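Peer 1: Now for the letters of each chain:
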Amino acid sequence: MRSDLRMQTGPTDLFDLRPRRVHEAEGRGRRAFALFQAERHPGPLVWILPAYVPELPMLRGLPRGVGERLHLFRPVGETDLLWCIEEALRAAPVSLVIAEPEKPMSLTAGRRLQLAAEAGRTTGLMLIREGAGSNATETRWKCEPVASTAADSTLHQWDLNKNKKGTSGSWVLNWNGASAAVHMVSEARQRHEPAGTAR
Amino acid sequence: MALADARAICPDLATRPADLAREAAALASLRRWAGRYAPMVATDGVDGLMADISGVPHLFGGEADLRDDLQARLERAGLHATSAIAGTRGAAHALARHGGGIVADGQLAEGIGHLPVTALRVDHDTAEALARVGLARIADLTHLPRAPLARRFGSGLVLRLDQALGAQAEPVAAEPDAPQFGVRMTLPEPIGLQSDVMAGLARLLERLCAKLARHRMGARRVRLELRRVDRGTAQVEIGLARPMRDPARIAVLFAKGVDEVESGFGIDALRLTAPVTETLAPEQIGGGPTIRHEDALADLLSSVGNRIGFDRVLRLLPATSLIPERSFLLAPAAWSTPEPIPHRAGVARPIILFSPEPVTAASGTPPARFRWRRMRFTTLRATGPERITPEWWFDDPAWRSGLRDYWRVETQEGPRLWLFVTPQSQGAQDGPAPVGPLNWYVQGEFA
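Those sequence lines, one after another, are chains S and A. Number 4 in UniProt numbering belongs to position 4 of the first sequence; there are no gaps in the numbering. Number 57 in UniProt numbering belongs to position 57 of the second sequence; there are no gaps in the numbering.
Calculated from the structure, these hints are not laboratory results. Here the structure is a predicted model, which is why all the values come from computation and not from measurement. Among the hints, a few may not be true.
[To be verified] The calculated label-pair distances, taken between Cβ atoms and stated as ranges, are:
no., chain 1, residue 1, chain 2, residue 2, range
1, S, E55, A, W335, 21 to 27 Å
2, A, I323, S, T79, 34 to 40 Å
3, A, P39, S, G77, 51 to 57 Å
4, S, G77, A, E206, 32 to 38 Å
5, S, M184, A, R369, 53 to 59 Å
6, A, E391, S, A181, 49 to 55 Å
Cβ atoms here follow ideal geometry from the backbone N, Cα and C, with glycine treated the same way.
Here chain S stands alone, though its shape is the one from the complex:
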């Protein structure tokens, strides 16, 4: 019922992460998805990535207004990483915590993060490897960049594979990485798809 209500408010609200919960994103386009979400969350952002990860967000390429609010934590070791995520989720002023855990998270760890997010009224987004998700996650997105025939469109396919309080779905959309607005590419395709798209 609740998801139906949210459907009616507009196409981009489909991608609103449920607040005070921890979500997961996997696939090649997960960092783009994270930045898309970062732009939609006003307030300080925290991006936690292990010290060995070479991929850094590039300031000039970030969507407008994200770079100033972004804090980067680079802990060494899995324990410190999880501790940082929990601490950041517990902090009230942070609006979105993006983290890249290296190992599959146990149910205990995932549940703890959910509790921390609830306590701190913060939303969390874990950028996970393929299939390294936790069962405690609220939603799980699979994000892939899609090649497009038109010259100036940057297509993404975002599949909602798991959703604890709603339905799953699959969308192809055009987001250029600069603004908060997205253009749905094929609404018709989404309608005609069978209900259980994935998993």
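Knowing the structure of chain S, use the given hints to seat chain A on it.
Peer 2: What follows is chain A alone, placed relative to chain S:
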């Protein structure tokens, strides 16, 4: 004597440039030490100390014994100093710079009369004018009428003369000591429980923060030293993401460090210091939600920084460079403030940047097909090239290969990659016309 003359006389002369800052620091510490002789000690010029010892000499057995004690202690410390005791500041200054000694009470004029007029702290021109009219000693001046003296040589001379002879009062203006942010607590019975230590810490923090507030300072680092009954010490030090003097918020950061302290047979003394402080103006507390949010964010940065290190809590700052790696800075968030990012039009930049990774099996310019990270890609569309030349004023090893041509390559498989090629390095190897395949690298990913 000029240095050249001195070298001519003694060729082996060892010389060192004067370090004025360290000399001043040494004098300041000597001033602190001299507090044992008088409550009021001031620095006198760059090379002297002035102490008001009124009412003190009898504690040392008289003025002569006091001076002997002072000289002996300085001698033992390896310092060659001259000291003088006189009834006025001017007289003591004059005598200390001309041999030293003690001027008995009421005999100021006789005691310093034999000194040259330059001892009177008058400027060079006045001293020269006095010498020209034959007034070489202080005794020559004391009998002269004041009015003509003041008219001819200025009122400064008369003032200095009066000050030296006691006709004009001149107090010793001791500068206030720099505030020392440290508090301590000694306990009659040793404590060992974590809650007890935290309670003691809370009391110390209250005092320290009150002191910080009085001087309008905020602590950046706070150190807690715990002395055990067996004379061992434990130390807990925390850093703060911004200057702070809120006892409750600092106490929270100590919890983890205090937890790890081995108390042994008990702790009987606590000492809390703030080694690094910064000015912090009084500010509104508990005000609007903005202030509370800023405080909470600073608390988060502090606690994370204390665990993983403040150099790992970073912020992105813009930099003025066209080189992708140097177009932004990773600055510690605790020591920087967010800067507005200038919006730059121009060629789009990737959202993710990494160090260049070579692609294999690249064919053509731009490559129609290539392999990267064990994946096969087919180019759908390529935009470019955008030529970026190295900054010649930096010797960056990564840019030794010369200029780079950047391409935005959209692949059939989905990812939009930022590739570059180094045409110059190829030319150097194979002559002017590149024969072999060019070196292609991936450096970023677009949204």
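Peer 1: Next, verify each hint and record whether it holds.
Peer 2: Here's how the hints hold up against the structure:
Roughly 25 Å separates the CB atoms of E55 (chain S) and W335 (chain A), a value that falls within the hinted 21 to 27 Å. Here the CB-CB span from I323 (chain A) to T79 (chain S) is close to 36 Å, well matched to the stated 34 to 40 Å. Between P39 (chain A) and G77 (chain S) the C-beta distance comes to about 56 Å, which sits within the given range of 51 to 57 Å. Checked against the hint of 32 to 38 Å, the pair G77 (chain S) and E206 (chain A) passes, with Cβ atoms roughly 36 Å apart.
Separated by about 32 Å at the C-beta atoms, M184 (chain S) and R369 (chain A) break the suggested range of 53 to 59 Å. The supplied range of 49 to 55 Å is broken by E391 (chain A) and A181 (chain S), whose beta-carbon atoms lie about 37 Å from each other.
The structure is inconsistent with the numbered hints 5 and 6, although it conforms to all the rest.
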